[in-house]
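Novice: Each chain, written out:
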Amino acid sequence: MPKKISAMDIYKLLPKTNCKKCGYPSCMAFATKLLEKEATVDQCPILNTPKFEKNKKKIIEMISPPVKEVWFGNSEKRAVMGGDEVMYRYQLSFFNPTPIGIDISDNLSEEEIKNKAKEIENFVFERTGEKLRLDFIVIRNASKDAEKFKKAIEIVEKETKMPICLASLDPNIIKEGLKVVKSKPMIYAATKETLNDFIRVIKELKKEKDVVLVLSSNNVKELKNMSAKCLANGIEDLVLEPHTYPENIAETLDLNVMIRRSAIEREDKYLGFPILNLPINAYYYALKHECPMSGFFDDKDVVAKMFEATIADALLNRYADALIMHGTDIWELMPVLTLRQCIYTDPRKPQAVEPGLYPIGNPDENSPVILTTNFSLTFYTVTGDFEKDNVRCWLLVMDTGGKAVDVSVAGGQYNGENAKRLIEETGIAEKVNHRVIILPALAASTRGDIEDKTGWTCIVGTRDSSQVGDFLRKNWDKILNEWREKNRS
Amino acid sequence: LDWEPPIEKYKGYIREVQFGKPKSEGGRGKVVKIGGQRALYRFEDPQPNPPVVTFDIFDIPMPGLPKPIRQYFQDVMEDPCEWARKCVKDFGADMITIHHISTDPKIKDKSPKEAAKLMEDLLQAVDVPFVIGGSGNPQKDPLVLEACAEVAEGDRCLLASANLELDYKKVVDAAMKYDHNVLAWSIMDPNMARDLNRKLIEAGLDPNRIVMDPTTCALGYGIEFSINAMTRLRLSGLKGDEVVNMPMSSGTTNANGAREAWMVNKEWGPREYRLPLWEITTGITMMLCGVDLFMMLNPIAVKTLKEIGKTLTT
Ligand code: B12
Ligand code: SF4
Numbered sequence: 001m002p003k004k005i006s007a008m009d010i011y012k013l014l015p016k017t018n019c020k021k022c023g024y025p026s027c028m029a030f031a032t033k034l035l036e037k038e039a040t041v042d043q044c045p046i047l048n049t050p051k052f053e054k055n056k057k058k059i060i061e062m063i064s065p066p067v068k069e070v071w072f073g074n075s076e077k078r079a080v081m082g083g084d085e086v087m088y089r090y091q092l093s094f095f096n097p098t099p100i101g102i103d104i105s106d107n108l109s110e111e112e113i114k115n116k117a118k119e120i121e122n123f124v125f126e127r128t129g130e131k132l133r134l135d136f137i138v139i140r141n142a143s144k145d146a147e148k149f150k151k152a153i154e155i156v157e158k159e160t161k162m163p164i165c166l167a168s169l170d171p172n173i174i175k176e177g178l179k180v181v182k183s184k185p186m187i188y189a190a191t192k193e194t195l196n197d198f199i200r201v202i203k204e205l206k207k208e209k210d211v212v213l214v215l216s217s218n219n220v221k222e223l224k225n226m227s228a229k230c231l232a233n234g235i236e237d238l239v240l241e242p243h244t245y246p247e248n249i250a251e252t253l254d255l256n257v258m259i260r261r262s263a264i265e266r267e268d269k270y271l272g273f274p275i276l277n278l279p280i281n282a283y284y285y286a287l288k289h290e291c292p293m294s295g296f297f298d299d300k301d302v303v304a305k306m307f308e309a310t311i312a313d314a315l316l317n318r319y320a321d322a323l324i325m326h327g328t329d330i331w332e333l334m335p336v337l338t339l340r341q342c343i344y345t346d347p348r349k350p351q352a353v354e355p356g357l358y359p360i361g362n363p364d365e366n367s368p369v370i371l372t373t374n375f376s377l378t379f380y381t382v383t384g385d386f387e388k389d390n391v392r393c394w395l396l397v398m399d400t401g402g403k404a405v406d407v408s409v410a411g412g413q414y415n416g417e418n419a420k421r422l423i424e425e426t427g428i429a430e431k432v433n434h435r436v437i438i439l440p441a442l443a444a445s446t447r448g449d450i451e452d453k454t455g456w457t458c459i460v461g462t463r464d465s466s467q468v469g470d471f472l473r474k475n476w477d478k479i480l481n482e483w484r485e486k487n488r489s
Numbered sequence: 001l002d003w004e005p006p007i008e009k010y011k012g013y014i015r016e017v018q019f020g021k022p023k024s025e026g027g028r029g030k031v032v033k034i035g036g037q038r039a040l041y042r043f044e045d046p047q048p049n050p051p052v053v054t055f056d057i058f059d060i061p062m063p064g065l066p067k068p069i070r071q072y073f074q075d076v077m078e079d080p081c082e083w084a085r086k087c088v089k090d091f092g093a094d095m096i097t098i099h100h101i102s103t104d105p106k107i108k109d110k111s112p113k114e115a116a117k118l119m120e121d122l123l124q125a126v127d128v129p130f131v132i133g134g135s136g137n138p139q140k141d142p143l144v145l146e147a148c149a150e151v152a153e154g155d156r157c158l159l160a161s162a163n164l165e166l167d168y169k170k171v172v173d174a175a176m177k178y179d180h181n182v183l184a185w186s187i188m189d190p191n192m193a194r195d196l197n198r199k200l201i202e203a204g205l206d207p208n209r210i211v212m213d214p215t216t217c218a219l220g221y222g223i224e225f226s227i228n229a230m231t232r233l234r235l236s237g238l239k240g241d242e243v244v245n246m247p248m249s250s251g252t253t254n255a256n257g258a259r260e261a262w263m264v265n266k267e268w269g270p271r272e273y274r275l276p277l278w279e280i281t282t283g284i285t286m287m288l289c290g291v292d293l294f295m296m297l298n299p300i301a302v303k304t305l306k307e308i309g310k311t312l313t314t
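Quick mapping for you: the protein sequence lines, in order, are chains L and Y. Mapping the first sequence onto the numbering used here, position 38 (from 1) lands on 38, and the numbers just tick up by one. Mapping the second sequence onto the numbering used here, position 106 (from 1) lands on 106, and the numbers just tick up by one.
The reader is advised that the hints may include incorrect statements.
As the list claims (entries may be wrong) - If you want the footprint, here are the derived chain Y segments under chain L, 3+ residues with CB under 8 Å: (1) 191-197; (2) 227-233; (3) 274-285; (4) 295-305.
Said to hold, decoys possible - A few chain L residues that face chain Y, going by a derived Cβ cut-off under 7 Å, partial list only: (5) 88; (6) 182; (7) 220; (8) 229; (9) 233; (10) 234; (11) 245; (12) 249; (13) 293; (14) 330; (15) 338.
Everything labelled a hint here was simulated from the structure, so no lab data went into it. Note that CB positions come from ideal geometry on N, CA and C, so glycine has one too.
Hey, can you work out the whole structure from these sequences and the hints?
Specialist: Below you can see the structure in the form of structure tokens.
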């Protein structure tokens with residue numbers, strides 16, 4: 001890790017009372033957690049007293065990430081960008097999943113704006129128990145008319161709680177927008193030519209602390225100078241937009257890398273801000289030009305959305321801290337949101353759910369007992385399938401250290417000992433009047449071990465949990481009767 | 001204020017691996033090279049070889065292929081040679097991966113000899129280099145690979161794969177005897193990739209004939225583990241670790257196994273669009289982690305990956 005501070009450096013500034021009020025056993029433990037970004041300074045009450053004001057400030061400075069965390073939005077919903085400390089996620093973790101904003105033109109009718117804004121706010125794709133959503137709305141001044149712009153802002157703020165990005169390259173239009181907007185907006189965007197005017201407008205309205213300003217240039221040195229100028233004028237919430245070239249995306253990826261490397265590895269504080277990229281450019285590009293998918297689909301809109309998703313995916317892999325897109329079809333956003341979820345999962349934590357007994361669909365004493373693992377992906381896939389197919393069962397979720405079925409079979413955590421403990425701890429034996437467990441087909445090899453250790457009869461079920469409903473409808477009664485026959489004597 | 005592009009100095013390099021041989025050297029013509037990088041990014045040092053796609057084909061019709069993919073190959077699935085030709089002619093395949101799945105005792109238990117016969121026909125059918133794959137059966141694969149390696153002698157194919165679950169020495173011997181490369185397959189852990197390479201080298205394999213496959217988990221099914229493994233391996237290689245400075249391969253086709261890709265589900269929209277996007281996203285992510293060779297299936301995904309890949313090296 002490029003950061004050169006240690007837990008010891010932080011410890012020296014803490015109260016050193018080991019009073020445990022922060023929730024950690026000692027000041028040193030708290031220092032370690034602060035360094036790892038798993039705790040915040042506010043957790044230590046003593047640090048919040050006037051006596052420690054200076055130390056607190058020093059600690060914050062010490063642990064503040066080389067890429068500033070910047071947010072816009074309102075009291076109910078914020079889009080948070082940046083906050084990263086490392087170049088590669090394995091070195092620590094990436095923070096603040098890239099907010100994705102969708103563009104709305106102020107040329108649309110009132111009704112259309114309202115509907116589109118609602119659609120963006122209500123969009124949801126559920127995966128592994130998490131609701132993946134869109135994060136902000138971009139109101140683009142396509143009309144060049146300040147009145148229409150203001151009207152659109154009012155509609156969106158009235159109809160939704162979404163954070164807002166005001167998009168116009170004209171500082172005077174932005175000024176009008178800033179007069180009506182109620183939340184803290186992101187402003188897209190100041191260029192080299194207009195920066196002075198943007199700064200003037202923001203200062204006139206005394207909004208230096210109440211806006212996020214996007215700086216747009218494809219020249220990193222220029223971006224650096226623009227950011228220095230903003231900082232000198234008290235505008236400190238900045239975002240860098242190095243231009244998105246759909247026809248040669250490597251160009252943009254390079255610029256992203258150079259900015260991020262300058263910030264993290266070269267400690268260039270003028271470039272230590274989140275990066276905004278515009279996959280929406282790819283959408284419009286593909287409507288007019290050839291792109292890789294062009295020959296495969298007749299519908300230009302489909303081609304453009306596929307290309308937009310592809311470019312968004314590439315950018316997500318190289319430091320995009322915020323994205324602006326056009327498409328809102330679920331099939332287009334699914335891969336993008338899934339990739340974002342994957343990149344931003346914390347590699348330090350197992351992706352696990354609480355092990356134990358989960359009754360599914362009001363089971364009774366005759367219902368089947370099913371054994372799965374506590375890997376979140378496995379758990380949510382299985383329960384999702386069962387819900388869809390109206391499966392009634394007792395779901396035993398085994399602690400495999402958050403590993404999938406085949407992974408934990410291979411790694412040895414899916415075993416008889418573990419199953420025995422789970423059966424005892426959950427008291428499942430009192431809930432059913434049989435002793436039959438259904439195993440996933442991928443765990444067939446553990447059957448003997450589980451039967452030996454638990455004394456329950458194991459039946460190997462299907463490979464995929466989506467087939468379990470069918471399997472049970474066809475076989476459960478028979479399985480249960482056969483077991484009763486055998487165990488009557 | 002001044003600013004210099006942050007260019008890094010790397011002690012190491014990535015080895016270059018060649019597939020195929022020119023006619024002048026007794027090969028069939030087409031030559032493909034991967035690896036050879038001396039830096040992580042093209043703004044630091046020009047990247048010598050663009051990412052390469054090798055099209056998956058199977059020695060028997062694959063009933064499990066989802067319809068949106070099957071539609072492209074329906075007419076050629078009975079004949080692997082036609083299948084290969086179509087991939088090259090219609091879809092611009094740089095290479096072909098033949099999976100001899102019917103050699104699996106549980107499928108058709110075809111003999112290594114029969115697989116080798118097909119291999120001969122395939123070598124006649126197209127002039128691009130081959131990746132030779134077995135069925136995944138650890139007892140049978142080394143025999144199948146050996147038999148195919150023999151008939152493809154001197155063609156610099158990639159034998160897929162050598163791993164710790166099978167008799168990798170046999171695979172290594174076949175590669176050295178008949179002039180081929182070896183795919184070293186390990187599971188998402190850089191240390192396991194290093195151990196495997198070391199064992200293969202100790203068994204007599206020339207390190208310049210290794211391509212690493214640290215396992216590609218599909219998007220949404222563990223891709224973050226692959227991201228970490230590939231990134232760490234590429235960085236170690238560039239930092240000078242000569243046991244892992246080999247080019248990398250990705251089984252990008254795995255993406256088609258993700259439910260979000262193949263499952264028919266009205267709430268998710270048409271799977272004709274989801275399937276290619278899942279493979280594209282998986283492939284592009286691996287590409288940006290340093291992968292050089294992509295085993296892929298969907299023509300849309302192949303074309304997209306190749307075009308984006310080209311921009312990264314020009
Ligand atoms: C991601 C992954 C990992 C990740 C782990 C992620 C995690 N938290 O589990 C990491 C990198 C850590 C990993 C490590 C290892 N892995 Co791994 N891994 C995978 C991979 C790519 C995907 C697994 C996955 O996420 N599946 C998705 C989930 C949802 O599937 P699932 O849990 O099986 O659930 C499904 C079904 O089982 C069923 N189901 C679930 N419950 C129930 C219940 C009933 C009653 C029924 C009927 C059905 C059912 O429905 C679910 C939905 O379809 C697989 C290959 C693959 N499958 O693509 C290899 C794989 C499982 N790994 C493998 C191996 C060997 C290992 C290691 C042992 C490697 C090593 N030597 O270190 C370690 C073991 C680690 C440990 N346990 O300590 C092998 C196993 C080979 C084998 N069968 O022996 C595989 C198959 C790869 C391979 N082809 O070689 N792995
Ligand atoms: S609350 Fe503050 S003083 Fe008390 S143990 Fe935690 S860090 Fe130390």
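Novice: State for each hint whether it applies.
Specialist: Status of the hints after comparison with the structure:
| no. | hint | verdict |
| --- | --- | --- |
| 1 | 191-197 | violated (count 0) |
| 2 | 227-233 | holds (count 4) |
| 3 | 274-285 | holds (count 8) |
| 4 | 295-305 | holds (count 4) |
| 5 | 88 | 5 Å, holds |
| 6 | 182 | 34 Å, violated |
| 7 | 220 | 6 Å, holds |
| 8 | 229 | 10 Å, violated |
| 9 | 233 | 15 Å, violated |
| 10 | 234 | 18 Å, violated |
| 11 | 245 | 9 Å, violated |
| 12 | 249 | 6 Å, holds |
| 13 | 293 | 6 Å, holds |
| 14 | 330 | 5 Å, holds |
| 15 | 338 | 5 Å, holds |
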